[in-house]
Every structure is written in C-alpha cells, then in structure tokens.
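Novice: The lines below spell out each chain.
2 protein chains.
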Amino acid sequence: MSATLPQFKAHFARIDRLTQINSLIDWDQQTYMPSGAAVARAEQSATLSELIHELYTGEKTAQLLTQCESELAGQDPDSDDVRLVAVARRNYDRKTKLPTELVAEIARHTALSQELWVRARARNDFDAFAPALEKMMDLARQQAEHLGYKSHIYDALIDQYEPGTTQADVAAMFAVIKPQLIALTRAIADSGRQVDDRVIYGEFATDRQRALTLDILKAIGYDLQRGRQDEAAHPFCTNFSRDDVRITTRFAPDYLGQSIYASMHEAGHAMYEQGSPVAYEATPLSGGASLGVHESQSRLWENLVGRSRAFSRYLFPHLQQAFPAAFVNADVESYYRAVNKVQPSLIRVEADEVTYNLHILLRFELECDLLTGSLAVEDLPDAWDAKMQEYLGITPHTDGEGCLQDIHWAGGLIGYFPTYSIGNLLSGQLWHAITQALPDLDAQIEHGEFTPLLAWLREHVHGYGNKFLPRELVPKATGEPLNSRYYLDYLHAKYKDIYGI
Amino acid sequence: MSATLPQFKAHFARIDRLTQINSLIDWDQQTYMPSGAAVARAEQSATLSELIHELYTGEKTAQLLTQCESELAGQDPDSDDVRLVAVARRNYDRKTKLPTELVAEIARHTALSQELWVRARARNDFDAFAPALEKMMDLARQQAEHLGYKSHIYDALIDQYEPGTTQADVAAMFAVIKPQLIALTRAIADSGRQVDDRVIYGEFATDRQRALTLDILKAIGYDLQRGRQDEAAHPFCTNFSRDDVRITTRFAPDYLGQSIYASMHEAGHAMYEQGSPVAYEATPLSGGASLGVHESQSRLWENLVGRSRAFSRYLFPHLQQAFPAAFVNADVESYYRAVNKVQPSLIRVEADEVTYNLHILLRFELECDLLTGSLAVEDLPDAWDAKMQEYLGITPHTDGEGCLQDIHWAGGLIGYFPTYSIGNLLSGQLWHAITQALPDLDAQIEHGEFTPLLAWLREHVHGYGNKFLPRELVPKATGEPLNSRYYLDYLHAKYKDIYGI
Numbered sequence: 001m002s003a004t005l006p007q008f009k010a011h012f013a014r015i016d017r018l019t020q021i022n023s024l025i026d027w028d029q030q031t032y033m034p035s036g037a038a039v040a041r042a043e044q045s046a047t048l049s050e051l052i053h054e055l056y057t058g059e060k061t062a063q064l065l066t067q068c069e070s071e072l073a074g075q076d077p078d079s080d081d082v083r084l085v086a087v088a089r090r091n092y093d094r095k096t097k098l099p100t101e102l103v104a105e106i107a108r109h110t111a112l113s114q115e116l117w118v119r120a121r122a123r124n125d126f127d128a129f130a131p132a133l134e135k136m137m138d139l140a141r142q143q144a145e146h147l148g149y150k151s152h153i154y155d156a157l158i159d160q161y162e163p164g165t166t167q168a169d170v171a172a173m174f175a176v177i178k179p180q181l182i183a184l185t186r187a188i189a190d191s192g193r194q195v196d197d198r199v200i201y202g203e204f205a206t207d208r209q210r211a212l213t214l215d216i217l218k219a220i221g222y223d224l225q226r227g228r229q230d231e232a233a234h235p236f237c238t239n240f241s242r243d244d245v246r247i248t249t250r251f252a253p254d255y256l257g258q259s260i261y262a263s264m265h266e267a268g269h270a271m272y273e274q275g276s277p278v279a280y281e282a283t284p285l286s287g288g289a290s291l292g293v294h295e296s297q298s299r300l301w302e303n304l305v306g307r308s309r310a311f312s313r314y315l316f317p318h319l320q321q322a323f324p325a326a327f328v329n330a331d332v333e334s335y336y337r338a339v340n341k342v343q344p345s346l347i348r349v350e351a352d353e354v355t356y357n358l359h360i361l362l363r364f365e366l367e368c369d370l371l372t373g374s375l376a377v378e379d380l381p382d383a384w385d386a387k388m389q390e391y392l393g394i395t396p397h398t399d400g401e402g403c404l405q406d407i408h409w410a411g412g413l414i415g416y417f418p419t420y421s422i423g424n425l426l427s428g429q430l431w432h433a434i435t436q437a438l439p440d441l442d443a444q445i446e447h448g449e450f451t452p453l454l455a456w457l458r459e460h461v462h463g464y465g466n467k468f469l470p471r472e473l474v475p476k477a478t479g480e481p482l483n484s485r486y487y488l489d490y491l492h493a494k495y496k497d498i499y500g501i
Numbered sequence: 001m002s003a004t005l006p007q008f009k010a011h012f013a014r015i016d017r018l019t020q021i022n023s024l025i026d027w028d029q030q031t032y033m034p035s036g037a038a039v040a041r042a043e044q045s046a047t048l049s050e051l052i053h054e055l056y057t058g059e060k061t062a063q064l065l066t067q068c069e070s071e072l073a074g075q076d077p078d079s080d081d082v083r084l085v086a087v088a089r090r091n092y093d094r095k096t097k098l099p100t101e102l103v104a105e106i107a108r109h110t111a112l113s114q115e116l117w118v119r120a121r122a123r124n125d126f127d128a129f130a131p132a133l134e135k136m137m138d139l140a141r142q143q144a145e146h147l148g149y150k151s152h153i154y155d156a157l158i159d160q161y162e163p164g165t166t167q168a169d170v171a172a173m174f175a176v177i178k179p180q181l182i183a184l185t186r187a188i189a190d191s192g193r194q195v196d197d198r199v200i201y202g203e204f205a206t207d208r209q210r211a212l213t214l215d216i217l218k219a220i221g222y223d224l225q226r227g228r229q230d231e232a233a234h235p236f237c238t239n240f241s242r243d244d245v246r247i248t249t250r251f252a253p254d255y256l257g258q259s260i261y262a263s264m265h266e267a268g269h270a271m272y273e274q275g276s277p278v279a280y281e282a283t284p285l286s287g288g289a290s291l292g293v294h295e296s297q298s299r300l301w302e303n304l305v306g307r308s309r310a311f312s313r314y315l316f317p318h319l320q321q322a323f324p325a326a327f328v329n330a331d332v333e334s335y336y337r338a339v340n341k342v343q344p345s346l347i348r349v350e351a352d353e354v355t356y357n358l359h360i361l362l363r364f365e366l367e368c369d370l371l372t373g374s375l376a377v378e379d380l381p382d383a384w385d386a387k388m389q390e391y392l393g394i395t396p397h398t399d400g401e402g403c404l405q406d407i408h409w410a411g412g413l414i415g416y417f418p419t420y421s422i423g424n425l426l427s428g429q430l431w432h433a434i435t436q437a438l439p440d441l442d443a444q445i446e447h448g449e450f451t452p453l454l455a456w457l458r459e460h461v462h463g464y465g466n467k468f469l470p471r472e473l474v475p476k477a478t479g480e481p482l483n484s485r486y487y488l489d490y491l492h493a494k495y496k497d498i499y500g501i
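Chains as they are written, first to last, in this note's numbering: chain D, 1 to 501; chain U, 1 to 501.
Just so you know, these hints were derived from the structure itself, not from any lab.
One thing to keep in mind: the hints can contain errors.
[Claimed, not checked] Pair by pair, the computed Cβ-Cβ distance ranges are: (1) U:Asp442 - D:Glu54: 55 to 61 Å; (2) U:Gln142 - D:Gln142: 21 to 27 Å; (3) D:Ala10 - U:Glu134: 49 to 55 Å; (4) D:Gln320 - U:Gln321: 36 to 42 Å; (5) U:Lys178 - D:Ala10: 39 to 45 Å; (6) U:Gln321 - D:Ala493: 44 to 50 Å; (7) U:Glu134 - D:Ala279: 58 to 64 Å; (8) U:Ala128 - D:Glu401: 49 to 55 Å; (9) D:Thr451 - U:Gln7: 45 to 51 Å; (10) U:Gln142 - D:Ala10: 21 to 27 Å; (11) D:Ala279 - U:Ala73: 53 to 59 Å; (12) U:Leu438 - D:Asp127: 55 to 61 Å.
[What the hints assert, rightly or not] Only pairs whose alpha carbons sit at most 20 Å apart, straight line, appear in this in silico SDA-like list of lysine to any residue: (13) D:Lys9 - D:Leu55; (14) U:Lys60 - D:Leu55; (15) D:Lys218 - D:Gly202; (16) U:Lys95 - U:Pro34; (17) D:Lys496 - D:Arg186; (18) D:Lys218 - U:Glu54; (19) U:Lys218 - D:Arg186; (20) D:Lys9 - U:Glu50; (21) D:Lys95 - D:Ala73; (22) D:Lys60 - U:Lys341; (23) U:Lys218 - U:Ala376; (24) D:Lys9 - D:Leu98; (25) U:Lys60 - D:Glu71; (26) D:Lys60 - U:Glu50; (27) U:Lys218 - D:Gln142; (28) D:Lys341 - D:Leu366; (29) U:Lys150 - U:Glu134; (30) U:Lys60 - D:Gly58; (31) D:Lys60 - U:Thr100; (32) D:Lys9 - U:Gly221; (33) U:Lys341 - U:Gln160; (34) D:Lys60 - D:Ser35; (35) U:Lys9 - D:Val39; (36) D:Lys218 - D:Arg313; (37) U:Lys95 - U:Arg123.
As the structure is a prediction and not an experimental result, all values here were calculated from the model.
Glycine included, every Cβ here is placed at the ideal spot set by N, Cα and C.
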C-alpha cells in the first residue's frame with residue numbers, strides 16, 4: 001500500500017471532475033447552446049482546458065507520481081493501484097510534451113470550428129469551413145511534433161485514441177480487409193438479388209420515433225436514471241461521470257433506418273461508460289480502454305444485435321404498434337432485409353456493414369495526406385469525391401453529403417477514424433466469444449432478454465474500465481489478439497444468406 | 001492609464017469564464033441532468049467553486065489589485081478602469097474572508113440539497129428535506145460569521161445580493177409598505193366586487209403555450225440568438241456571458257396565468273444581462289448592479305408591462321389565435337381583469353401584485369428567525385402556516401404549496417428574498433420615470449412597439465452593467481433614491497380602477 005495514494009487520488013479526482021465539466025460544456029454546445037454564444041463558449045472551453053492542462057502537468061502531479069511509483073515498486077503489476085499510477089504516468093508524459101498555449105489554442109479553435117462546420121454543412125459551403133480546417137490541420141501537426149513519433153506523423157495522433165496503434169498497423173489492417181470488402185460488395189452487386197427496403201421509407205412521426213428509441217434504450221439496458229437522449233446534428237455519446245452518460249441521435253421524419261440504429265450505437269458507448277466500476281470513478285482508471293474498444297461496444301449493439309434477425313423479430317411488434325400504417329401489412333423478414341441492404345452510399349453513419357469500413361479507409365487515407373501536406377485543404381472536396389468513386393463507385397452531389405458530413409475534423413479529432421474499423425473488427429471477435437458463452441443468445445434477444453448479453457460485456461469488457469491497454473484487454477475478453485477473421489466471417493455468413501451468394 | 005490593467009483584465013477574465021461555466025453546470029442540473037447524477041454533479045460543482053475561490057483570493061489577485069490601485073490613484077473615480085478595480089477589490093475583500101473549504105462545502109451541499117428539495121417538494125415531504133435545510137442554515141451562519149457584520153447576522157448575507165443593504169433597511173421598508181398593502185388587500189376584499197377569472201382556466205396545450213411565450217419573448221426584445229427558454233421546476237434566468245442568457249419557465253396545461261408572466265419575468269432579467277456592455281464582458285463590471293435592480297427589470301416586464309391594459313390589448317389577438325376555443329367569445333377587458341385578480345394565494349410566483357410583497361415579508365421574517373436560531377427548522381412548516389394565516393388569511397394544505405415551494409433556501413440563497421420587494425418598489429419608480437420620458441408608451445405597447453421602452457432601459461439601467469452600486473444607480477436612472485411611493489401609487493391607481501374602491 002502506498003501512503004501517498006489517497007492524496008494522489010484526491011488530486012486526480014479534482015482533475016477528473018474538471019474534465020467532466022469540460023465534456024458537459026461541449027455537450028451543451030452541441031445540443032442547446034444558442035448560436036450567438038460560440039465566441040464566449042470558445043473562451044470558456046479554452047480557459048478550462050488550459051487550467052486542466054496546467055493541473056495535470058504541474059509540479060504537484062510530478063511529485064505525486066514519483067512518490068507513488070517508488071512506494072508501489074515491486075507490487076503486483078496488475079493491481080488497481082499500480083495500474084492507476086501507470087495510466088496517470090502515461091497521460092502525464094504525453095501531456096507534458098504539449099505547451100499549455102497550444103492546448104488552449106486547440107480548445108478555442110475547436111469550439112469555433114465546430115460552429116463554422118454546423119453552418120457550412122447546412123449550406124454545403126466547404127469554402128466557408130476550409131480556413132478553419134486548414135488551421136486545425138496545422139494545430140494537429142504542431143501537436144504531433146510536440147508529442148513525437150518514430151515513423152509517421154499520424155502515429156502521434158492515433159496513439160491518443162488507440163494507445164499503441166500506429167499508422168502502419170492501420171494500413172496493414174486495411175490491406176487485409178479492403179480486398180475482401182470490395183470483393184464482397186461486388187459479389188452482392190453481381191448477385192442479381194435486390195433488397196426491397198421501401199418498408200423503412202414513409203412517414204414516421206418524430207415524436208413516435210423518440211418514444212420508440214427510448215423504449216429500445218430502456219429494454220437493452222441503458223440506464224436512463226444515469227443518462228438521457230437528446231437531438232444533435234451529429235449523434236454522439238459523452239459522459240460526465242459513470243452516473244451521467246448522455247447520448248444524442250437525430251430523427252428523419254421520412255426514414256426509419258437511422259434513429260433506431262444511431263440510438264443503439266450510442267447506447268453501446270453509453271453502457272460501456274455506465275458499466276465502469278464504481279471504485280474507478282474520478283480516477284484515471286474510469287471509462288473505456290480506447291476508442292476502438294468503445295466502438296466495438298457501439299457497433300456490437302447497433303449491428304450484431306440491432307440488425308440481427310433475432311432483434312428484428314423482437315422489434316417488429318413494437319414497430320407495428322408505433323407505426324401501424326407502415327407495418328400492418330409488412331413482414332419481419334422484409335424488415336430484416338431492408339435494414340441490411342448493401343448498397344454503396346454517401347453518408348458514413350448510414351452505410352451498411354459491408355461498405356462501412358471503406359468509408360473509414362477513405363477518411364484514413366485523406367487525413368494522412370492532409371497531415372503530411374501531400375493533399376491541400378482546398379483540394380479535399382475533389383480528393384474525397386475521387387476516392388468515393390474509386391471505392392464505392394458513387395459521387396456526392398454536395399459537400400454536405402461529402403467531405404463536410406462528419407464533425408470529427410472540425411472537432412480536432414484527427415487520427416480518430418480508424419478506431420471505427422478497429423471497433424468493427426473487435427465487435428465480430430467479441431460476438432464470436434459471446435455466442436460460445438451464451439448458446440441461447442438468439443432466442444434471448446428475440447424475447448427481449450438482453451441482461452445475459454449485457455452481463456457478459458460488463459464482466460469481460462466494461463468491468464475493466466481503463467485499466468488495461470487494448471492489446472491486453474482483447475485477449476482477456478476473447479482469448480486472442482485482435483483478428484479480422486471473425487468480422488469478415490460474420491459478414492460473409494450474414495450476406496451470403498441475404499443475397500444468396 | 002494603468003500598465004498592469006491588461007494583465008489584471010486577463011486574470012479576471014479567466015475567473016469570469018470559470019464562473020460562467022459554474023453557472024452552466026447549475027443550469028444543466030435544473031433542466032436536463034439525469035437524477036442519478038446528483039452526487040457527481042455536487043463534486044463537480046464543489047471542485048470548480050473551490051478552484052474559482054482559490055484563483056479569486058490568491059496571491060496573484062492581491063498583487064494585481066494593489067498594483068492597479070496604485071497606478072490608478074488620482075484618476076476619475078467614475079471611470080471604467082477605476083470602477084473595475086474597485087468592484088474587484090470589493091469582491092476580493094469579501095471572498096478572502098471565506099475559507100476555501102467552506103466555499104466548496106457550500107457548493108457541494110447546494111447541489112445535493114437542490115436535488116433533495118425537488119423530490120421532497122414533489123412528495124410534500126418536508127421531513128425528507130429538513131436535515132439538508134438544517135445544514136444549509138448552519139453553513140449560512142458560518143458564512144455570515146466569516147464575512148462579519150455590525151448589527152445583525154442577516155446583514156452579512158443580504159449584502160452579497162444587495163450591496164449596502166442591511167436587515168434594518170429591509171425591516172424599515174416593510175414597516176412602510178406592510179400596513180398599506182394589508183389595507184389595500186382588505187379594501188379590495190371589502191369592495192364587494194368579484195373579478196371573474198375563468199377565462200384563464202381551461203385547456204391550454206403546452207406546445208401552444210411554448211410557441212406563444214416564444215413569440216412574446218421575441219416581440220419584447222429578448223434575443224433568442226443569445227438565449228433560449230427551457231422548462232424547469234422553478235422558473236429562473238442564468239447567463240454564461242452576455243451572449244448566452246437563458247431562461248426557464250413552466251407550463252400548466254389547465255391555467256394560462258402562469259407561463260406568459262413567468263416568461264416575461266425571466267426575460268426581464270435576461271434582457272438586463274443581454275444589455276450589459278460588450279466592453280464589460282468577462283470583467284467584474286459585467287452583468288447587473290444587484291439582485292434588487294435585477295428584479296426591478298423582471299417585475300417591470302412581468303407586471304408594469306405584462307399585466308397592463310395596453311399589453312393585454314396587444315396580446316389578446318395572439319391569444320385568440322393560439323387558443324380560439326377559450327378566447328373567441330371573450331373580451332380583452334375580462335382578460336385584463338382576470339390576470340389582475342387580487343386574492344390571497346399560496347404560491348408566491350403566482351401571487352398578484354398587491355399580496356406579493358406580503359409573501360416576501362413572511363420569508364424575510366422566517367429566514368431571520370431560522371438564522372438566529374429563534375425558529376428551529378423542524379418548526380418551519382408550522383411557523384410558515386401561522387404567518388400565512390396572519391398576513392393572508394389562508395393556510396397551505398401541503399408543504400409543497402407551503403414552505404417547500406421555493407428553491408431558494410435549498411439553493412443556499414439566504415438573504416435573497418428581500419431583493420424581490422426592493423425590485424418591486426424600484427420597478428414602480430422606474431416606470432414613473434419612463435412614462436415621463438415616453439408619453440406615448442401605452443400606445444406603443446398596445447401596438448407591439450417595445451423598442452423605445454427597451455432602449456430607455458438600455459440607456460438608463462442596462463448600459464451601466466455592474467459599474468455602480470444600487471444606491472448610485474437608482475438616482476442616475478430616476479433622479480432620486482429608492483422611494484416606495486411610486487409603487488404604492490401605481491398599485492392604488494390600478495386597483496382602484498379595477499375594484500372601484
């Protein structure tokens with residue numbers, strides 16, 4: 001036991017509470033903040049970010065770290081105490097490399113840039129957003145140079161979201177899955193079979209969608225006493241403690257294929273955070289292991305559960321009740337096929353499971369090129385459209401459905417996109433392990449029994465919080481390192497059935 | 001010019017931005033926060049409050065103050081620079097008297113206590129709230145002892161909300177108005193005339209009330225690009241910069257006399273903050289002069305404007321459009337009388353103008369007694385009911401419509417209530433000055449022209465921000481110190497007409 005640890009924990013609790021507040025003011029900006037407040041919010045965000053950075057990188061943190069490390073020397077390297085200090089050390093070492101002014105500048109620019117993005121996207125006006133993106137890329141480059149890297153400037157950035165992963169790892173991952181995904185997409189197109197998805201197009205009143213998604217969220221285990229769902233331009237999940245984990249979604253009044261799956265996706269993230277151990281609250285061990293592991297949870301609930309035949313059977317009576325006109329003469333199998341239609345499309349968050357990772361590949365390649373400067377910001381729309389044509393055979397009509405569709409770059413999240421593909425692969429690998437452990441899973445889902453599944457995730461993933469690195473956690477949960485085989489097998493089996501290939 | 005001033009301003013801007021964030025997390029708690037998050041929110045609030053307090057009372061503030069004061073010695077005492085430093089000095093001197101631990105403890109307890117209050121109020125369960133109130137009173141006493149006072153412990157607390165005002169000032173004010181208010185209430189009761197207010201009872205769909213109040217807010221000049229209206233248990237106004245000033249209201253589906261006037265009341269506060277000079281933003285001069293002056297703005301818009309015959313004429317066609325069933329056969333004079341019905345009632349925020357200040361008197365006396373200990377917390381419900389009987393001749397059926405109705409004590413706002421009466425008196429005095437300056441005011445209001453009125457307030461009240469103390473500001477705006485005559489005259493004239501007395 002370390003005598004300094006209580007003091008260490010109190011210090012980090014203070015930092016953590018301020019960080020939670022910083023997430024709340026960002027949530028507010030994306031949900032309810034009046035537009036005229038953007039400049040003030042940027043200053044607020046910059047001030048708080050600067051302060052958190054000062055506290056994290058200050059003399060006191062250094063002293064507490066050194067003292068705890070010496071007191072804990074020789075103890076079980078997997079104990080909570082040792083890991084707690086190790087995670088804080090990793091963060092401290094990374095943060096001390098960044099000048100406070102740069103941290104504040106990034107926070108300030110992020111708040112402004114997100115506001116510009118919202119407007120530019122609504123008006124399909126890339127030029128209005130380009131200077132902000134230019135500056136964001138410049139800030140990301142400065143950040144990467146301060147953080148340092150061995151091989152590629154991208155390594156410094158992705159490491160913030162997926163600790164231990166490099167640009168080369170991501171390139172290698174895509175080298176394996178890209179040809180298979182393109183081949184599968186082609187085989188589906190060549191199958192001659194068309195999925196009729198008219199059942200999910202029509203009139204779906206927003207308030208009914210809202211009520212329906214809330215019912216689904218409650219059923220699958222998202223605790224609304226410790227969370228809530230709001231509407232925002234871009235669905236997201238954020239948390240301000242394990243007891244306040246919020247999600248957003250968006251409702252299309254003429255299309256049902258969006259809100260249900262966006263809600264389930266974000267709830268997957270949210271249940272991960274809600275399942276973080278109480279003992280880890282407000283310590284460096286709280287929350288998820290990485291964004292990739294996080295995404296494995298969201299995609300598992302969105303796709304492996306949400307778009308399964310079993311869940312469609314569970315959901316169908318609820319759909320019939322909420323939207324009788326649309327579903328009274330429909331059948332569940334048509335619905336299942338409709339929400340699994342494979343078709344190259346423009347919007348990532350609406351893409352089917354087969355083509356989704358090609359959207360990520362495109363973003364990964366473009367952000368690498370923007371970072372290294374081999375692609376100029378002004379040429380981004382053309383480069384985007386060219387790659388869309390190359391990978392998916394289609395071209396956006398506007399920048400709003402092209403390179404302005406995602407908030408990530410506006411939000412300073414450069415090096416973040418690959419975590420979506422890592423998460424997809426991991427969701428397949430986890431699903432394989434879960435179906436071994438829960439042989440009745442399909443029947444349970446069909447009957448609305450989600451507790452065994454959530455309990456498995458709580459035990460094998462959520463309950464570890466941020467204690468282990470992804471490369472440690474994945475074998476603990478599944479018995480082996482990340483392996484793309486399971487997700488590819490899942491895709492092949494599912495779509496072979498749907499498209500008869 | 002002071003060479004240190006830019007550094008001084010940057011330091012205080014930092015403190016101000018953090019204070020704005022602290023207001024935002026409180027707004028969130030009162031509007032959207034899930035109930036399970038109360039403990040975490042208490043910790044967040046305590047952490048941030050502690051930090052703000054440390055920054056405000058730290059060595060750096062002391063040095064900057066001393067240096068600026070010496071550099072500005074001999075300059076115009078009414079210049080912005082001199083006043084800026086003087087206001088900061090006043091705050092600094094007050095805050096340094098409070099130990100950081102007490103500040104954090106109050107913030108933490110406030111967050112928890114508000115959450116308990118919401119539940120206790122919903123269940124009419126005073127016992128569930130009593131221990132929190134007991135602790136709050138104890139914290140207020142500790143606070144007052146640290147702040148110091150000459151005559152009465154209450155002086156230390158009210159000074160935070162109404163600088164320069166004492167318990168004796170408030171007692172003297174009530175000594176003048178209490179007999180006149182009681183006599184007027186009695187004369188109205190004895191007039192034999194009954195106001196029929198059935199027109200504002202019925203079915204008023206919440207979403208139509210929401211749309212109508214937003215239309216009114218826009219019309220009177222509340223800038224919704226820099227504000228928004230949400231729903232909360234207790235209507236309030238808060239701001240996180242002059243460009244983000246938010247209000248809340250509540251809608252009763254069977255009663256129209258609440259939401260419109262609550263919205264106008266809060267908008268009165270909000271327009272004051274929105275009118276704070278740009279140059280004062282994030283400095284100690286931003287915002288309002290005191291809570292009393294603030295309340296003069298809210299009550300002016302709620303009552304002197306909102307419940308006037310001229311405004312009723314303006315509003316009536318909008319009412320007929322929003323609620324045709326209720327208003328198609330009604331006439332504007334009946335509506336005007338209905339919203340000005342004088343009748344002793346249980347809920348302060350719904351009280352008519354004549355009895356309203358008796359509600360405040362009751363709270364003022366009770367909180368004095370709770371503070372000095374001459375009234376025990378456990379005896380509060382009985383004491384409340386006894387005074388209601390004495391001043392208004394009625395008794396609450398439950399604590400929810402009795403001593404649990406207001407959030408103030410749960411929120412640590414002890415010594416705050418008298419500012420409502422100060423504001424009422426000042427609203428009458430301002431109105432007198434305004435009608436001298438704007439002889440066509442009634443006609444303007446009837447035609448929906450609120451710009452001249454708002455412009456007058458901007459020039460004579462809002463534009464001073466927090467630069468002057470109330471006792472300096474009131475003569476600047478009205479030509480004389482606070483005088484209860486104008487408000488009493490206004491009440492007598494208005495209700496003489498309505499009740500024919």
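Novice: State for each hint whether it applies.
Specialist: We went through each hint and held it up to the structure:
A hinted range of 55 to 61 Å holds for the C-beta pair aspartate 442 of chain U and glutamate 54 of chain D, which are about 57 Å apart. Taking 21 to 27 Å as the suggested C-beta distance range, the pair glutamine 142 of chain U and glutamine 142 of chain D does not conform, at roughly 48 Å. Roughly 28 Å separates the CB atoms of alanine 10 of chain D and glutamate 134 of chain U, a value that falls outside the hinted 49 to 55 Å. Between glutamine 320 of chain D and glutamine 321 of chain U, the C-beta spacing of about 38 Å keeps the proposed range 36 to 42 Å intact.
About 51 Å separates the C-beta atoms of lysine 178 of chain U and alanine 10 of chain D, a value inconsistent with the hinted range of 39 to 45 Å. Judged by the Cβ atoms, the range 44 to 50 Å given for glutamine 321 of chain U and alanine 493 of chain D is violated: they are separated by roughly 60 Å. Judged by the Cβ atoms, the range 58 to 64 Å given for glutamate 134 of chain U and alanine 279 of chain D is violated: they are separated by roughly 32 Å. For alanine 128 of chain U paired with glutamate 401 of chain D, a C-beta distance near 53 Å keeps the hint of 49 to 55 Å intact.
For threonine 451 of chain D paired with glutamine 7 of chain U, a C-beta distance near 59 Å fails the hint of 45 to 51 Å. A hinted range of 21 to 27 Å for the beta carbons of glutamine 142 of chain U and alanine 10 of chain D is consistent with their spacing of about 23 Å. Here the CB-CB span from alanine 279 of chain D to alanine 73 of chain U is close to 57 Å, well matched to the stated 53 to 59 Å. Separation of leucine 438 of chain U from aspartate 127 of chain D is about 47 Å and departs from the stated range, judged on CB atoms against 55 to 61 Å.
Proximity of lysine 9 of chain D to leucine 55 of chain D is assessed by CA-CA distance (about 14 Å); at most 20 Å being required, the pair is judged to hold. A hinted pair counts as satisfied when its Cα atoms are at most 20 Å apart, and lysine 60 of chain U with leucine 55 of chain D qualifies at roughly 17 Å. Note on lysine 218 of chain D and glycine 202 of chain D: the hinted pairing is violated, with a Cα-Cα distance of about 26 Å set against a maximum of 20 Å. The straight-line distance between the Cα atoms of lysine 95 of chain U and proline 34 of chain U is roughly 32 Å, outside the 20 Å bound, and the hint therefore fails.
Between lysine 496 of chain D and arginine 186 of chain D the CA atoms are separated by roughly 12 Å; this keeps the pair inside 20 Å, and the hint holds. Proximity of lysine 218 of chain D to glutamate 54 of chain U is assessed by CA-CA distance (about 42 Å); at most 20 Å being required, the pair is judged violated. At most 20 Å may separate the alpha-carbon atoms for a hinted pair to count; lysine 218 of chain U and arginine 186 of chain D exceed this at roughly 56 Å. At roughly 17 Å between alpha-carbon atoms, lysine 9 of chain D and glutamate 50 of chain U fall within 20 Å of each other, so this suggested pair holds.
For the hint pairing lysine 95 of chain D with alanine 73 of chain D, the CA-to-CA distance comes to about 24 Å; that exceeds 20 Å, so the pair is violated. Of the pairs offered as hints, the one joining lysine 60 of chain D and lysine 341 of chain U is violated, with about 63 Å between alpha carbons and a cut-off of 20 Å exceeded. Among the hinted pairs, lysine 218 of chain U with alanine 376 of chain U is inconsistent with the structure: their alpha-carbon atoms are about 46 Å apart, more than 20 Å. Annotation: proposed proximity of lysine 9 of chain D to leucine 98 of chain D is violated, straight-line Cα distance about 23 Å (limit 20 Å).
The straight-line distance between the Cα atoms of lysine 60 of chain U and glutamate 71 of chain D is roughly 35 Å, outside the 20 Å bound, and the hint therefore fails. For the given pair, lysine 60 of chain D sits about 17 Å from glutamate 50 of chain U by alpha-carbon distance, which is consistent with the 20 Å threshold. Restraint check for lysine 218 of chain U and glutamine 142 of chain D: not satisfied, since their Cα atoms lie roughly 45 Å apart, outside the 20 Å limit. Straight-line distance between C-alpha atoms of lysine 341 of chain D and leucine 366 of chain D comes to about 27 Å, which puts the hinted pair past the 20 Å bound.
The straight-line distance between the Cα atoms of lysine 150 of chain U and glutamate 134 of chain U is roughly 25 Å, outside the 20 Å bound, and the hint therefore fails. Taking the CA atoms of lysine 60 of chain U and glycine 58 of chain D, the gap is about 17 Å. The hint holds against a cut of 20 Å. For a cut-off of 20 Å, the pair hint linking lysine 60 of chain D to threonine 100 of chain U stands: about 19 Å separates their Cα positions. Pair hint lysine 9 of chain D plus glycine 221 of chain U does not hold up; C-alpha atoms about 49 Å apart against a cutoff of 20 Å.
Taking the CA atoms of lysine 341 of chain U and glutamine 160 of chain U, the gap is about 34 Å. The hint is violated against a cut of 20 Å. The suggested pairing of lysine 60 of chain D with serine 35 of chain D is violated, with an alpha-carbon distance near 39 Å, which exceeds 20 Å. In summary, the hint linking lysine 9 of chain U to valine 39 of chain D is supported, as the alpha carbons are separated by about 18 Å, within the 20 Å threshold. Proposed proximity of lysine 218 of chain D and arginine 313 of chain D is supported: the alpha carbons are some 18 Å apart, at most 20 Å.
Proximity of lysine 95 of chain U to arginine 123 of chain U is assessed by CA-CA distance (about 37 Å); at most 20 Å being required, the pair is judged violated.
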